[in-house]
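Undergrad: Make a model of the complete structure from these sequences and hints.
Spelled out, the chains give:
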Amino acid sequence: MKTSGIITLTTDFGLRDPYVAVMKGVILSINPDAKIVDVSHQVPPGALLHAASVIKDTITYFPHGTINVVVVDPGVGGQRRPVAIETEHYFFIGPDNGIFWPIIEEDNSPAVIHLDEKKYFLSPISDTFHGRDIFAPVAAYVSLGIDIRGMGPVIRDPGTLSFPRLKIRGNVLCGEIIRVDNFGNLITNIHRTDMEAFLQSTTPSISIEELTIKDVKHIYTDVPKGEPLALYGSSNRLEIAVREGSASDYLGLTAGEAVGMKIAVSKHN
Amino acid sequence: MKTSGIITLTTDFGLRDPYVAVMKGVILSINPDAKIVDVSHQVPPGALLHAASVIKDTITYFPHGTINVVVVDPGVGGQRRPVAIETEHYFFIGPDNGIFWPIIEEDNSPAVIHLDEKKYFLSPISDTFHGRDIFAPVAAYVSLGIDIRGMGPVIRDPGTLSFPRLKIRGNVLCGEIIRVDNFGNLITNIHRTDMEAFLQSTTPSISIEELTIKDVKHIYTDVPKGEPLALYGSSNRLEIAVREGSASDYLGLTAGEAVGMKIAVSKHN
Amino acid sequence: MKTSGIITLTTDFGLRDPYVAVMKGVILSINPDAKIVDVSHQVPPGALLHAASVIKDTITYFPHGTINVVVVDPGVGGQRRPVAIETEHYFFIGPDNGIFWPIIEEDNSPAVIHLDEKKYFLSPISDTFHGRDIFAPVAAYVSLGIDIRGMGPVIRDPGTLSFPRLKIRGNVLCGEIIRVDNFGNLITNIHRTDMEAFLQSTTPSISIEELTIKDVKHIYTDVPKGEPLALYGSSNRLEIAVREGSASDYLGLTAGEAVGMKIAVSKHN
Numbered sequence: 001m002k003t004s005g006i007i008t009l010t011t012d013f014g015l016r017d018p019y020v021a022v023m024k025g026v027i028l029s030i031n032p033d034a035k036i037v038d039v040s041h042q043v044p045p046g047a048l049l050h051a052a053s054v055i056k057d058t059i060t061y062f063p064h065g066t067i068n069v070v071v072v073d074p075g076v077g078g079q080r081r082p083v084a085i086e087t088e089h090y091f092f093i094g095p096d097n098g099i100f101w102p103i104i105e106e107d108n109s110p111a112v113i114h115l116d117e118k119k120y121f122l123s124p125i126s127d128t129f130h131g132r133d134i135f136a137p138v139a140a141y142v143s144l145g146i147d148i149r150g151m152g153p154v155i156r157d158p159g160t161l162s163f164p165r166l167k168i169r170g171n172v173l174c175g176e177i178i179r180v181d182n183f184g185n186l187i188t189n190i191h192r193t194d195m196e197a198f199l200q201s202t203t204p205s206i207s208i209e210e211l212t213i214k215d216v217k218h219i220y221t222d223v224p225k226g227e228p229l230a231l232y233g234s235s236n237r238l239e240i241a242v243r244e245g246s247a248s249d250y251l252g253l254t255a256g257e258a259v260g261m262k263i264a265v266s267k268h269n
Numbered sequence: 001m002k003t004s005g006i007i008t009l010t011t012d013f014g015l016r017d018p019y020v021a022v023m024k025g026v027i028l029s030i031n032p033d034a035k036i037v038d039v040s041h042q043v044p045p046g047a048l049l050h051a052a053s054v055i056k057d058t059i060t061y062f063p064h065g066t067i068n069v070v071v072v073d074p075g076v077g078g079q080r081r082p083v084a085i086e087t088e089h090y091f092f093i094g095p096d097n098g099i100f101w102p103i104i105e106e107d108n109s110p111a112v113i114h115l116d117e118k119k120y121f122l123s124p125i126s127d128t129f130h131g132r133d134i135f136a137p138v139a140a141y142v143s144l145g146i147d148i149r150g151m152g153p154v155i156r157d158p159g160t161l162s163f164p165r166l167k168i169r170g171n172v173l174c175g176e177i178i179r180v181d182n183f184g185n186l187i188t189n190i191h192r193t194d195m196e197a198f199l200q201s202t203t204p205s206i207s208i209e210e211l212t213i214k215d216v217k218h219i220y221t222d223v224p225k226g227e228p229l230a231l232y233g234s235s236n237r238l239e240i241a242v243r244e245g246s247a248s249d250y251l252g253l254t255a256g257e258a259v260g261m262k263i264a265v266s267k268h269n
Numbered sequence: 001m002k003t004s005g006i007i008t009l010t011t012d013f014g015l016r017d018p019y020v021a022v023m024k025g026v027i028l029s030i031n032p033d034a035k036i037v038d039v040s041h042q043v044p045p046g047a048l049l050h051a052a053s054v055i056k057d058t059i060t061y062f063p064h065g066t067i068n069v070v071v072v073d074p075g076v077g078g079q080r081r082p083v084a085i086e087t088e089h090y091f092f093i094g095p096d097n098g099i100f101w102p103i104i105e106e107d108n109s110p111a112v113i114h115l116d117e118k119k120y121f122l123s124p125i126s127d128t129f130h131g132r133d134i135f136a137p138v139a140a141y142v143s144l145g146i147d148i149r150g151m152g153p154v155i156r157d158p159g160t161l162s163f164p165r166l167k168i169r170g171n172v173l174c175g176e177i178i179r180v181d182n183f184g185n186l187i188t189n190i191h192r193t194d195m196e197a198f199l200q201s202t203t204p205s206i207s208i209e210e211l212t213i214k215d216v217k218h219i220y221t222d223v224p225k226g227e228p229l230a231l232y233g234s235s236n237r238l239e240i241a242v243r244e245g246s247a248s249d250y251l252g253l254t255a256g257e258a259v260g261m262k263i264a265v266s267k268h269n
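Those protein sequences? They're chains S, W and B, same order as listed.
Residue numbers for the first sequence follow this note's numbering, so the first one is 1 and each next one is one higher.
Residue numbers for the second sequence follow this note's numbering, so the first one is 1 and each next one is one higher.
Residue numbers for the third sequence follow this note's numbering, so the first one is 1 and each next one is one higher.
Rather than coming from a laboratory, the hints here were simulated on the basis of the structure.
Please read these numbers as outputs of a predicted model, since none were measured by experiment.
Cβ-to-Cβ under 8 Å is the rule here; a few derived chain W residues that face chain B:
| # | residue |
| --- | --- |
| 1 | V39 |
| 2 | S40 |
| 3 | D57 |
Ideal Cβ placement from N, Cα and C applies to all residues, glycine included.
TA: Shown next, in the form of structure tokens:
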């Protein structure tokens, strides 16, 4: 696949420290024409599931051939392998700790390469910052058109990650909150297609903690200011929101408390 | 007007979520050579006045022909129209909710277009993320040189916004705090030219809450460390600051409490 | 030296306000082809030592000829001079308040220029925002290849900054915390080479507050989850960390409390 020349960066490094800038310096030293786009550097530290869902919801809006570097890497320096992946439309570079599993799982025939060809790394390689020493330089070489298949052997057993699955118990579809966004919207693992298949033409009743919401609305302004609603968000996931407010505040929850919380959709005739 | 190829982005999306990156992906998919500059993604949620004053204070420093996308949009999916505006020197793209009123009001003959030509949008259009589905792709097409006049009908009644006006009551000029910056400086709606016209050659006495400050200083170091002062900030607006400290902390105010607070300038002989 | 065309920005402006974007607008108005990379805009306000250590740890990863603008400037508008510096491999632009002293001190023959040639500035020059009016336009002109030696007279007495020095007292090497990163890692002024010269082949015992750590580990996973360890971080500085946790939280310290705190390394046979 031809590269778009765009490299996206997703990390849990935050923006206060110079770590992200150091990665950009390494990339631009190898390919001065690379176009670098920050996806997020505020993934909660070590939150593999959050990073995996963010990158999955984001990449389809980028040109084919875009190179996505994801560094959420609690096991840096340990046994986990550094990998480069080529799917039908995109490249991914990062640790083989399961972050890329949702992408590998859905692709027809992804190439997953164990990066072990040291000429594409900085030297020496530190034990604590593979984003700088391995992933940034490899991304820069891929953006120059170098084939990942020459960067190491193929991996047959890439790291996996258990994404929370939907459960149907009688008349109830059970999901959970996977992310809370900046507006306090509670984003679930329930897609519009799951809802439609489950509900057929009944109206849902949606419960989370002590709150019960009737029906799924189209837009925030379908309810009065300050009132909660359920709607399909921009990634077609079911979300709980509050018009001109924050659903997590409404429920008295921090983001950390909300993630993993159960949500139940009941059929209602 | 010829475009500069630069697209600025101002939103209330925050930096933790991938929403801004998604907009950049959409733009680069249409125009891989667009140069994207972030103005701020930390506009307080839904704060139209804040967004309007930020963009007004920023754009004059960009090359003519720059395209400014502003997405602070509490009514997304509702009745408000999506617009593109061409003023004497710049383009603006976003919701017609009054954010652009201070810019429209000051321009000689702005073209304000109701964006309704779907070939310049993503498809389908979501109810909740017009930044991605309408404003980003339109900005990308404008950066390719496409005339906004072909993107929909002209609007004669653009959305307005009431900017707080100065009032003169006898010997007192009354203004208010419109923004608090990262240093805790309190930025007012009183411009240097308003002050000079009001004061003529008298010395002012400036009051906010229980604090009274004599005179306007030139620089922070005109007062001892930790002391409050009034000065004209970098946009020539009157500001209350504390040398090597924070005026909002000094007054025991959060940013939210300070915005809208009255400030009185008295003549003092 | 030939410029790389890359301009890095390091400030204490934060990301909420439009100040950084204004600087980028000024740069792109002068050189539309400049490539701008943010290092950090979250230097603690006025923290010269923090800014100096961040820029020193970052620049070596950028291409030679990169232009580094650093604006941490509590004395803006006062007596301190604006400067441009050319070292063996890089350019630096900012206030002459000591931020650049660690870089000047280590270079063989740096050119330090007092910027006083107004044709490279915006006009008029404000008293409060030299980042916009002086440093951004000068950086843009340098990125176009203009020699800093034509921008003002040479300075023989650049501003200095006292970096905390290591002290050896008998069998103990004393250093201090100079920065706390986003993960809560405590970064010290003790380099790996200092440690190796001091320890020779003995094993260290490292103390900070009530915590004592035996030996320096290689990677986070050398200790159980939640346990503290000492290791050499990505800049080869001795760091105190907690596996999958935060060392500053572990010690019950805010970043502000931790910076300046003493750390003692004892030889242990």
